[in-house]
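**Q** Sequence:
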Amino acid sequence: MAIFESSNPTLSEKIFKKSIDQTGYGEVMTVRGSIQKFGFLMLLVLAGAAYTWKLYYSFKAPTMMGFMFFGLFGGMICAYATIFKPQWAKYLSPAYAVLEGFLLGGFSAFVNERFKNSYPNIIIESVGLTFGVAFAVFALYNARIIRATQKFRAVILSSLVGIGIFYLINMLLGIFGIHIPFMQFGDNSLIGIGINLFVVVIAALSLVLNFDQIETGEQMGAPKYMEWYGAFGLLVTIVWLYLEILQLLSRFANNRN
Numbered sequence: 002m003a004i005f006e007s008s009n010p011t012l013s014e015k016i017f018k019k020s021i022d023q024t025g026y027g028e029v030m031t032v033r034g035s036i037q038k039f040g041f042l043m044l045l046v047l048a049g050a051a052y053t054w055k056l057y058y059s060f061k062a063p064t065m066m067g068f069m070f071f072g073l074f075g076g077m078i079c080a081y082a083t084i085f086k087p088q089w090a091k092y093l094s095p096a097y098a099v100l101e102g103f104l105l106g107g108f109s110a111f112v113n114e115r116f117k118n119s120y121p122n123i124i125i126e127s128v129g130l131t132f133g134v135a136f137a138v139f140a141l142y143n144a145r146i147i148r149a150t151q152k153f154r155a156v157i158l159s160s161l162v163g164i165g166i167f168y169l170i171n172m173l174l175g176i177f178g179i180h181i182p183f184m185q186f187g188d189n190s191l192i193g194i195g196i197n198l199f200v201v202v203i204a205a206l207s208l209v210l211n212f213d214q215i216e217t218g219e220q221m222g223a224p225k226y227m228e229w230y231g232a233f234g235l236l237v238t239i240v241w242l243y244l245e246i247l248q249l250l251s252r253f254a255n256n257r258n
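Per my numbering, the sequence shown runs over residues 2 to 258.
No lab work stands behind these hints, which were simulated from the structure alone. Where hints are given, some of them may not hold.
[Unchecked claim] In silico EDC-like links for lysine to aspartate or glutamate, alpha-carbon gap of 20 Å or less: (1) Lys152 to Glu216; (2) Lys55 to Glu114; (3) Lys91 to Glu28.
[What the hints assert, rightly or not] Derived DEER-like restraints, expressed as beta-carbon distance ranges: (4) Lys117 to Val162: 34 to 40 Å; (5) Pro182 to Leu141: 32 to 38 Å; (6) Leu174 to Glu28: 44 to 50 Å; (7) Leu173 to Phe74: 17 to 23 Å; (8) Asn118 to Phe70: 25 to 31 Å; (9) Met66 to Leu198: 29 to 35 Å; (10) Ile170 to Leu191: 17 to 23 Å; (11) Ser119 to Leu198: 18 to 24 Å; (12) Gly175 to Phe71: 18 to 24 Å.
Only a predicted model underlies this, so the values are computations on that prediction, with no experimental measurement involved. In this text, a Cβ means the ideal position worked out from N, Cα and C, and glycines have one as well.
Modelling step: build the complete structure from the supplied sequences, incorporating the hints.
**A** So this is what it looks like as structure tokens:
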């Protein structure tokens with residue numbers, strides 16, 4: 002059975018094995034090292050988000066928009082470069098974290114402005130729920146209540162592939178001016194809420210794969226720089242989880258009107 006059967010390209014068996022083959026058996030990665038580096042990356046995300054948030058509420062929306070799009074495209078470049086060159090994770094993952102902060106801060110400011118009357122605490126609750134869910138999943142994994150079994154991996158993998166295809170189709174339709182109503186931000190239909198809940202659950206359970214992959218990387222004796230790579234992969238999932246929770250709460254916000 003493959004160790005890392007996940008559609009998340011940031012963490013795969015091939016990349017970890019290749020890192021060992023290329024580096025040899027020097028200083029190896031640890032779970033603690035990856036978690037510490039993840040904490041550092043989260044601080045950078047919060048710093049970047051705080052900056053663009055401040056720009057928006059300082060009536061500098063055009064400047065904030067520039068940082069937001071810089072974060073979007075710059076973050077994508079850093080992410081793909083890190084995936085193809087894990088050795089660069091030590092340098093690119095902090096840059097990715099700051100850029101994602103720019104993106105998330107600006108986007109969150111827009112959402113907060115839109116729902117400031119119907120749901121004034123939407124951002125605070127989204128952030129709180131994201132960290133709460135992540136901590137709960139980690140606690141369940143650490144207690145071995147949830148395990149990354151072969152069946153578990155297969156279910157999450159197939160779900161991730163299905164979600165990816167569905168989102169791709171929605172994006173392509175949007176390019177041609179065709180918009181699926183229940184996929185629009187803030188739509189409060191039951192089908193939209195149901196789909197959103199499903200995706201939130203899959204994003205949360207994907208964290209189990211991240212935790213397992215980092216732990217197994219330590220057991221495999223992956224090189225030290227893979228701590229940064231493991232932290233980067235965990236950050237990618239956390240960002241996805243936050244955006245899905247924010248989307249879900251925006252649907253409930255419209256139900257308040």
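**Q** For the hint 18 to 24 Å, verify it against the beta carbon of Ser119 and that of Leu198.
**A** holds, 20 Å
**Q** Taking only the CA atoms, is the gap from Lys152 to Glu216 under or equal to 20 Å?
**A** holds, 19 Å
**Q** Starting from Lys55, check that the Cα of Glu114 is at most 20 Å away, please.
**A** holds, 13 Å
**Q** Is the hinted range of 32 to 38 Å satisfied by the C-beta distance from Pro182 to Leu141?
**A** 35 Å Cβ-Cβ, so the 32 to 38 Å window holds.
**Q** Check the hint pairing Lys91 with Glu28 against an upper bound of 20 Å on the C-alpha distance.
**A** Roughly 15 Å separates the two Cα atoms, so the pair holds.
**Q** If you check the beta carbons of Leu173 and Phe74, does the distance land in 17 to 23 Å?
**A** Holds, since Leu173 and Phe74 (Cβ atoms, about 19 Å apart) stay within the stated range.
**Q** CB of Ile170 to CB of Leu191, is that within 17 to 23 Å?
**A** holds, 21 Å
**Q** Does the hinted range 44 to 50 Å hold for Leu174 and Glu28 at CB?
**A** For Leu174 and Glu28 the Cβ distance comes to about 49 Å; the hint holds.
**Q** Take the C-beta atom of Met66 and the C-beta atom of Leu198, compute their distance, and say whether it sits inside 29 to 35 Å.
**A** holds, 31 Å
**Q** The hint says 18 to 24 Å between Gly175 and Phe71; measuring C-beta to C-beta, is that right?
**A** About 22 Å separates the Cβ atoms of Gly175 and Phe71, which means 18 to 24 Å holds.
**Q** Using the beta carbons of Asn118 and Phe70, state whether their distance is inside 25 to 31 Å or not.
**A** This hint holds: roughly 27 Å between Cβ atoms.
**Q** Mind checking the hinted window 34 to 40 Å against the Cβ distance between Lys117 and Val162?
**A** holds, 37 Å
The structure is consistent with each of the numbered hints, conforming to all of them.
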